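Enquirer: Chain C is already provided as a structure; the job is to place chain G on it using the hints.
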Amino acid sequence: MPAGWSALPPTGPPVTAWRNDQGRRPKVMPARAPRPRFSLLRFAPHLTVALLIVPVLAGLAGTILPAFGLTNGEGAAAFRALADWPGLWRAVHLSVITGAVSTLVSLGITLGIVAALLGSRVFGVIQHLLSPLLAVPHAAAALGLAFLIAPSGWVARALSPWATGWQNPPDLLILNDPGGWALIVGLIAKEVPFLLLMTLAALPQTDATRRLMSATSLGYGRVWGFVLTVLPGLYRQLRLPVYAVLTYAMTTVDMAAILGPSLPPTLSVQITQWMMEPSLTMRSTAAAGAVVQLLAVVGVLLAWHGTERVAKAALIAVAGRGWRMAGADAPARLTAIAVGSVLAGLLFAGLAGLALWSVAGLWPFPDALPHQISLQTWARAAPDLAATGGATLAIAALATALSLIIVLACLEAEHRFDLHPKARALWLLYVPLLVPQIAFLPGLQMLNLWIAAPGLALWAVALAHVVFVLPYVFLSLGGPYRQWDARQALIGAALGASPARVFWCLRLPMLMPAVLTATALGLSVSVAQYLPTLLIGGGRIETLTTQAVALSSGGNRRIIGAYGLLQMLGPAAGFALAIALPRLIYANRRGMRQASL
Amino acid sequence: MTQTGLDLRDLRVTHLGTQIAALNTRIAPAEVLVVMGPSGSGKSTLLSAIIGSLPAGFGVSGQIVLNGRDVSHLPTARRRIGILFQDDVLFAHLSVGQNLGFGLPADAGNKAQRREIIDQALADADLAGFANRDPATLSGGQRARAALLRTLLAQPAALLLDEPFSRLDLGLRHHIRQFVLDRARSHRLPVILVTHDPGDAEAAGGRIIGPDGSAL
Chain C
1 MPAGWSALPP TGPPVTAWRN DQGRRPKVMP ARAPRPRFSL LRFAPHLTVA
51 LLIVPVLAGL AGTILPAFGL TNGEGAAAFR ALADWPGLWR AVHLSVITGA
101 VSTLVSLGIT LGIVAALLGS RVFGVIQHLL SPLLAVPHAA AALGLAFLIA
151 PSGWVARALS PWATGWQNPP DLLILNDPGG WALIVGLIAK EVPFLLLMTL
201 AALPQTDATR RLMSATSLGY GRVWGFVLTV LPGLYRQLRL PVYAVLTYAM
251 TTVDMAAILG PSLPPTLSVQ ITQWMMEPSL TMRSTAAAGA VVQLLAVVGV
301 LLAWHGTERV AKAALIAVAG RGWRMAGADA PARLTAIAVG SVLAGLLFAG
351 LAGLALWSVA GLWPFPDALP HQISLQTWAR AAPDLAATGG ATLAIAALAT
401 ALSLIIVLAC LEAEHRFDLH PKARALWLLY VPLLVPQIAF LPGLQMLNLW
451 IAAPGLALWA VALAHVVFVL PYVFLSLGGP YRQWDARQAL IGAALGASPA
501 RVFWCLRLPM LMPAVLTATA LGLSVSVAQY LPTLLIGGGR IETLTTQAVA
551 LSSGGNRRII GAYGLLQMLG PAAGFALAIA LPRLIYANRR GMRQASL
Chain G
1 MTQTGLDLRD LRVTHLGTQI AALNTRIAPA EVLVVMGPSG SGKSTLLSAI
51 IGSLPAGFGV SGQIVLNGRD VSHLPTARRR IGILFQDDVL FAHLSVGQNL
101 GFGLPADAGN KAQRREIIDQ ALADADLAGF ANRDPATLSG GQRARAALLR
151 TLLAQPAALL LDEPFSRLDL GLRHHIRQFV LDRARSHRLP VILVTHDPGD
201 AEAAGGRIIG PDGSAL
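So the protein lines, in turn, are chains C and G.
Per the working numbering, the first sequence starts with residue 1, numbered consecutively.
Per the working numbering, the second sequence starts with residue 1, numbered consecutively.
Isolated chain G (complex conformation):
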């Protein structure tokens, strides 16, 4: 039977024989799993393993099954797992609209249709008319929203959040967090949120575990 969601089957990350992170769980669509722990506890390594970008020297065992499809051995580009970092990492040489267009799949339509999708996405995120802007001229909150839009336009089947709100100031953090989590839920994405901010964990309102899989 095919199960939807992100299924981590006995996923284990090791470095030179030492276990860094271990997870055996399933994240249902629209569920947010929070992984908490101090810096250096292997949270980001876990995300690297799930997305398929671990540097040399690390070992991974187990399976990553996304909506019934084993993606463990696929390259990052074909896993359909989106990721957001604490810096928004908008591509500096592209306009905001071109950044979104980079995420949009090639078969999403002709030039005019693509432009329309991008403009609509921007408008829905209170960024109407931002398509031609230089990303460097955006505020922190605007950049964070643009980065999320870019990720969602790529039509991911799961979303990883690597402390995406920790660089935002407090007032903004609450707002952007709500924005991201709402969007992820409305897209029915399984989400893994890595953080050391208890506020994030509280807002997610779901299970909270450590990088070693232990319940917190």
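The following block holds chain C by itself, in its conformation from the complex:
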């Protein structure tokens, strides 16, 4: 045997999630030509897994150990201090209710829209609206909504004084209501586009069109037929995104700080406030709170999983009854269109409100429009906006570039070394999205102590963002990368091109539309990050998002509008470029057109 063969691993490589089939191969000559003896690329999957898992585990340890007094010998003092806080149970209750209700309603709306409208012209419109809606950072969406529904917001102004008789903003707790309903609405408006996108990505693998056709040809209504024939397979693929939404909704800090109640706030907001106390005395209480929050999330996830099983059994039981429910289609269709329009309308009107306030001169209640338009706010805030915007962009660019390199290396390693990700790999990708940020980021805050220089703080924040950007970049790029016709690589090789040349000259340019979309998504995910910036940056790094949230408690709507708008413009420009560039560059390449989104 030639010496080169010994380069092949004797058994499967030590990766936990990626498997190499060579381990199971019969003991004959390996089929593929031997690879270079050593290649960093081979370790890309290991690096990816480490990048996703290590920060989460280290952060959890860094949170849990101090909570139980294992770092200072105080025993359960932290939990006693936490239990002494009178708002605790109310805060936990809020977290559970806002999280579970918003996730349940978001999922219901998403599935309703797909079931009632799949294949219709309205559905095409929805698909086009998804990217801009997704690009809106959570904080900007929340601020826009706050500007709409506040007692002095656009809705009240539009109805006053002719319908309400209000000459002054009413003393109502519509925003920051103690029940958390404003927060629930905000979460739904933001999560429905995300779940819709995940559904669209999963649908092609569910054979939905044909199943729906056979169900309707048997006399079933579209919606009921969808529930009985498509939903079971579809939900299996939606499960992880739904869990991620549930975790996020229970533990969001930025949206809850803007829309949620304040006395007491949700548990995650309270933990963040304790973490940010300059005296550092509340840190262990915060850690104990984070443990309680983590347990609450685990509990709700388990309950959700149990409900899934009950729902599945109920669905199977009812499927045999033969109810057609054809009459439900028309009302379902109308409801889906109405609810979808209201949600999209809320987001767009909110953003328009942000934009208008940022250029508003005098705008007294109850006027629906400002008296003058002025650029004064922008002019006055320009230096701050430029500095903050620059930092935001630098962090987003760093985090996205790093994520992109790692993901591309990982996918290329899969291709070159014939690795096949197991189902478990998908779970690993979701780990940073399933473990609440508030449960592990506090544990990483000790990094603060090591990074004194501001330049390093920027890098640390960017690295923290990678943990959350990378999963999205991977999810977005993985499909197109794996679906790329590998015969093109083979032809390239047969023409004498090295694997590197095949990658740079064939695969990458052909996948450019997908790479650009993943880049835009990565940038928007990074721009939207609040807690990692706040906690890892230790207050030294200010981004548009942290500033917008910090300003939201003050009353200066004009400056909030400017920050909120700018926060949204970056990602929107990114998505616009991701659509426009491939069309421009490949204007004369018809074969490249269907590849772009």
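It is worth saying that the hints were derived from the structure and are not from the lab.
In the SDA-like style, the derived pairs of lysine to any residue whose C-alpha atoms are separated by at most 20 Å in a straight line are: (1) C:K422 <-> C:R42; (2) G:K111 <-> C:R501; (3) C:K422 <-> C:R236; (4) G:K111 <-> G:Q155; (5) C:K312 <-> C:L301; (6) C:K422 <-> G:G57; (7) C:K422 <-> C:F43; (8) C:K422 <-> G:P55; (9) G:K111 <-> C:C505.
Rough simulated footprint, nothing fancy, chain C against chain G, three-plus residues with beta-carbon under 8 Å: (10) 51 to 59; (11) 99 to 110; (12) 128 to 141; (13) 149 to 157.
All figures in this text were calculated on a predicted structure; none of them were measured in a lab.
Note that the Cβ used here is the ideal one computed from N, Cα and C, for glycine as well.
Expert: Below, chain G alone, put in the same frame as chain C:
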């Protein structure tokens, strides 16, 4: 003694212990060996083995010797074996000329010389002036010819044809088949043509065998 041509010495492809294909033969320069069999009979697997692109799970034994050089353990890019598929697989993001340029070796000359070689190749194939065209705007026959030119410009020492004519309509098929076989013969390439079309086999006019090496 060094023999020219493509020498398959007891080449055997297995999948999980089952033999998929087996060949022990030599294809002389300018000879066309036809491998026939129904789909799923292991014809394409055999080509994958020869070119070095078998997916994991397959096993290969034996030797592939090309013009006296054992290429069995070389990566695809260094075997110097060209391949044509039933779809032409022109790279969609490159112009026709750039597609040909991808095949042309890096040491084939400076930019102007490369351009000249490509233009000449196109002209010889009735594709003069096509260099800047988008491959998606070409007809089936034009695409097939461009794909062959690209393969030949890479200066292969052998050529594998994986049902390259089955997607073409009948009138065109005859024409393109003649074009490809003539070019291959004039380059004195040993050729393996995998097909299930008796017309292909007839046109090749040489030995016809099954994927298991049996004479047909």
